[in-house]
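Novice: Take a look at the letters that make up each chain.
Protein chains: 2
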Amino acid sequence: MDQEHLEHWLNLRRERRTGRSVDQLLADLRNGNREALSSSITLIESTRLEDRRPAAELISKCLPFTGKSVRIGITGVPGVGKSTFIESFGKLLVERGKRVAVLAIDPSSSSSGGSILGDKTRMQELSVMEQVFIRPTAAGTTLGGVARKTRESIFLCEAAGFDVILVETVGVGQSETLVHSMVDFFLLLMLAGAGDELQGIKRGIMEMADALVITKADSGNEQKAELARREYANAMHLFPPRANKWIPQAMTVSSIEHKQIDNVWGCIESFINQNTINGSIESTRNQQNAFWLNETLKELILNDFYSKEIVLQALRKSEELVLCGELSSLEAAEQLYALYTEQQKKV
Amino acid sequence: MDQEHLEHWLNLRRERRTGRSVDQLLADLRNGNREALSSSITLIESTRLEDRRPAAELISKCLPFTGKSVRIGITGVPGVGKSTFIESFGKLLVERGKRVAVLAIDPSSSSSGGSILGDKTRMQELSVMEQVFIRPTAAGTTLGGVARKTRESIFLCEAAGFDVILVETVGVGQSETLVHSMVDFFLLLMLAGAGDELQGIKRGIMEMADALVITKADSGNEQKAELARREYANAMHLFPPRANKWIPQAMTVSSIEHKQIDNVWGCIESFINQNTINGSIESTRNQQNAFWLNETLKELILNDFYSKEIVLQALRKSEELVLCGELSSLEAAEQLYALYTEQQKKV
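If you read the protein sequences in the order shown, they are chains A and S. For the first sequence, our numbering assigns the number 322 to the initial residue and increments by one for each residue that follows. For the second sequence, our numbering assigns the number 322 to the initial residue and increments by one for each residue that follows.
Each hint should be verified, as a subset may be incorrect.
What the hints assert, rightly or not - Capping the alpha-carbon separation at 27 Å, the derived lysine-lysine pairs in DSSO-like fashion look like this:
#	chain 1	residue 1	chain 2	residue 2
1	A	Lys667	A	Lys638
2	A	Lys389	A	Lys566
3	S	Lys619	A	Lys619
4	S	Lys638	S	Lys666
5	A	Lys638	A	Lys666
6	A	Lys619	S	Lys666
7	S	Lys638	A	Lys619
8	S	Lys629	S	Lys619
9	S	Lys629	A	Lys667
10	A	Lys629	S	Lys629
11	S	Lys619	A	Lys629
12	S	Lys619	A	Lys638
13	A	Lys619	S	Lys667
14	A	Lys419	A	Lys580
15	S	Lys638	A	Lys382
16	A	Lys667	S	Lys667
17	S	Lys638	S	Lys667
18	S	Lys389	S	Lys566
19	S	Lys382	A	Lys638
20	A	Lys619	A	Lys638
21	A	Lys666	S	Lys667
22	S	Lys619	A	Lys667
23	S	Lys629	A	Lys666
24	S	Lys619	S	Lys382
25	A	Lys412	A	Lys580
26	S	Lys666	A	Lys667
27	A	Lys666	S	Lys666
28	S	Lys619	A	Lys666
I should point out that these hints are in silico values taken from the structure, not numbers from a laboratory.
Based on the provided sequences and hints, a complete structural model is requested.
Specialist: Right, here's the structure in full:
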């Protein structure tokens, strides 16, 4: 079977499975059909061979309709109250007439294939709203792969007409850097703790934050929260100034009492206004695109390797030999690599 | 120029630069020549095209002489006293007749190209000893790449006759997992702190540790250290049992007063004895090899892409277009990937 026939056959197989062509999916998506948005994200997350081309095609066709939302990254250690904040913040955005999409990157669940119900049950009021779309963590084998799918999901949500995209992650390390490379505004949630206020979260993550929000400034806890806020505000003044001239803000909120949540949105709005005028939103997005160009390329190249049946069979065999100590990993890698380049020439 | 001529020419160019063939280098290395060991590590760390083949050849030729050392990973947060501990521990090992190599993986310095003098000045007494070899952090662009070079450096050190290899890293996240995947024994250094003893270091890192050492149990500070030790010992009892039946130990040491350092070595010796008999050292190393087989493969594949001049030129051009917003990163990636597969067929 030659390439063209294979493509045709794969398309048929896919359409028989999903009952919908890419153009139909796009049209439904653009009409604001939530089920179509869900199916689209499932398509781009799919690892099936027959889904790869349609997924790329769908994203390409969505691209002209992307870029008009405000993309916000939200991070913080477990227990800081991310879901409660997003529930309260999301409802405020809906009141202001926005359509809100919530996506998540959770590195700890990437190996288990992603949480399925977790996020929906966490944000009970928000999840039933007509103007809100919540999608749990993408499945995937590598953090980079998961993050890439989340970034493409942003595009799909934008094409479906969402105005604000919230990308949630856990504040434990590398995932922040990836989220930071796909959002316009990066929000760090923190708890007012006793003692050293800077512990628990890495300085690098603080330096990425455009605003820092002390959560749980609930009745009776306001003073402690305000004290923490001042300490952080002082600490952030010591960070080097930014290219876009933005000075990171420190705020307090009570998510359960819906207090000062509007301050956060006010802060983000002034950030967006200021940086749209000086052009730094656009230039940052272009820089992010250049970063993702390389990430996407790497994934395309590696996927190609891991999709070749002959190579995979040889890899399994080599792994067995390496596992019982009969072959060195370096020799095995060189052999497999040689086999792969051989195969490349045949295609 | 065909492949064979290219190889020949590259070899000539390399030998003119270094004045030494791979076989000479290997012979000098095996004779315990420290300068040859240094040059060998520099060779495998090199990104020059003409160094790739000789580096692979050198490692292959070293492999029969590897595997006889005790490989120890050492981690802990900045300020825990890793260098002081290694200085004291290294001297003890030398007293016991061991030849000791110290390697380092520092994720924070990987982007700046690695520390050049840092490690040597930190371990003043150790670094001048005849039986000790200290090599600062490998240079590299990715943490995985740096770690892979460190793993290959372990092989070179073993071929050069070193009995104990210490691999040092900073306890901040992903680098521990990589170090853990190349050592026999994983040592976590911790400070006795007031309050919550489990803060500051992630549970995942504690679960990887075969022993936990409370540092700075210096005169006057012994009680506090002992208290912390007990708390950690209790915490570790709650971790799930291990396949190799080893129960992680908690100890205290004073590096500056050279107190109880011998306990640490005693603990490692009993670990090695127990796990050599039950075969788990060997099976663990084989599992590590299978992991690194995949890592090495990925690097070979990506290196091939990034070493093609035509592809690189196109990549630079695409990056420019993406940076000024004239091309989407997805389209650019697909185009570059198509160009690459085209090139593959021509070779």
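Novice: With reference to the structure, classify each hint as holding or not holding.
Specialist: Hints versus structure:
Of the pairs offered as hints, the one joining A:Lys667 and A:Lys638 holds, with about 22 Å between alpha carbons and a cut-off of 27 Å not exceeded. Proposed proximity of A:Lys389 and A:Lys566 is supported: the alpha carbons are some 23 Å apart, at most 27 Å. Distance check on the hinted pair: S:Lys619 and A:Lys619 sit about 9 Å apart at the alpha-carbon level, within 27 Å; holds. With a CA separation close to 22 Å, the supplied pair S:Lys638 and S:Lys666 stays within the 27 Å bound.
Between the alpha carbons of A:Lys638 and A:Lys666 the distance comes to roughly 23 Å, so the proposed pair stays at or under 27 Å and holds. With a C-alpha separation of about 19 Å, the suggested pair A:Lys619 and S:Lys666 falls inside the 27 Å cut-off, and the hint holds. For the suggested pair S:Lys638 and A:Lys619, the alpha carbons sit about 17 Å apart, so the restraint of at most 27 Å is met. Restraint check for S:Lys629 and S:Lys619: the C-alpha separation of about 16 Å stays at or below 27 Å, so the hint holds.
Simply put, S:Lys629 and A:Lys667 have alpha-carbon atoms about 19 Å apart, close enough for the 27 Å limit, and the pair holds. Among the hinted pairs, A:Lys629 with S:Lys629 is consistent with the structure: their alpha-carbon atoms are about 22 Å apart, no more than 27 Å. For a cut-off of 27 Å, the pair hint linking S:Lys619 to A:Lys629 stands: about 14 Å separates their Cα positions. Taking the CA atoms of S:Lys619 and A:Lys638, the gap is near 17 Å; set against the 27 Å cutoff, the hint holds.
Using a Cα cut-off of 27 Å, the hinted pair A:Lys619 and S:Lys667 holds, with the two alpha carbons roughly 21 Å apart. Using a Cα cut-off of 27 Å, the hinted pair A:Lys419 and A:Lys580 holds, with the two alpha carbons roughly 19 Å apart. The straight-line distance between the Cα atoms of S:Lys638 and A:Lys382 is roughly 23 Å, inside the 27 Å bound, and the hint therefore holds. For the suggested pair A:Lys667 and S:Lys667, the alpha carbons sit about 11 Å apart, so the restraint of at most 27 Å is met.
At roughly 22 Å between alpha-carbon atoms, S:Lys638 and S:Lys667 fall within 27 Å of each other, so this suggested pair holds. With a C-alpha separation of about 23 Å, the suggested pairing of S:Lys389 with S:Lys566 holds against the 27 Å cut-off. Under the criterion of a C-alpha separation no larger than 27 Å, the hint pairing S:Lys382 with A:Lys638 is consistent with the structure, at around 23 Å. At roughly 25 Å between alpha-carbon atoms, A:Lys619 and A:Lys638 fall within 27 Å of each other, so this suggested pair holds.
Between A:Lys666 and S:Lys667 the CA atoms are separated by roughly 7 Å; this keeps the pair inside 27 Å, and the hint holds. Distance hint between S:Lys619 and A:Lys667 is fulfilled; the C-alpha atoms sit about 21 Å from each other, no more than 27 Å. Of the supplied pair hints, the one linking S:Lys629 and A:Lys666 holds, its CA atoms being roughly 16 Å apart against a limit of 27 Å. For the suggested pair S:Lys619 and S:Lys382, the alpha carbons sit about 22 Å apart, so the restraint of at most 27 Å is met.
Pair hint A:Lys412 plus A:Lys580 holds up; C-alpha atoms about 13 Å apart against a cutoff of 27 Å. Straight-line distance between C-alpha atoms of S:Lys666 and A:Lys667 comes to about 7 Å, which keeps the hinted pair within the 27 Å bound. Restraint check for A:Lys666 and S:Lys666: satisfied, since their Cα atoms lie roughly 4 Å apart, inside the 27 Å limit. Distance restraint check for S:Lys619 and A:Lys666: the Cα-Cα separation of roughly 19 Å lies within the 27 Å cut-off, and the hinted pair is therefore satisfied.
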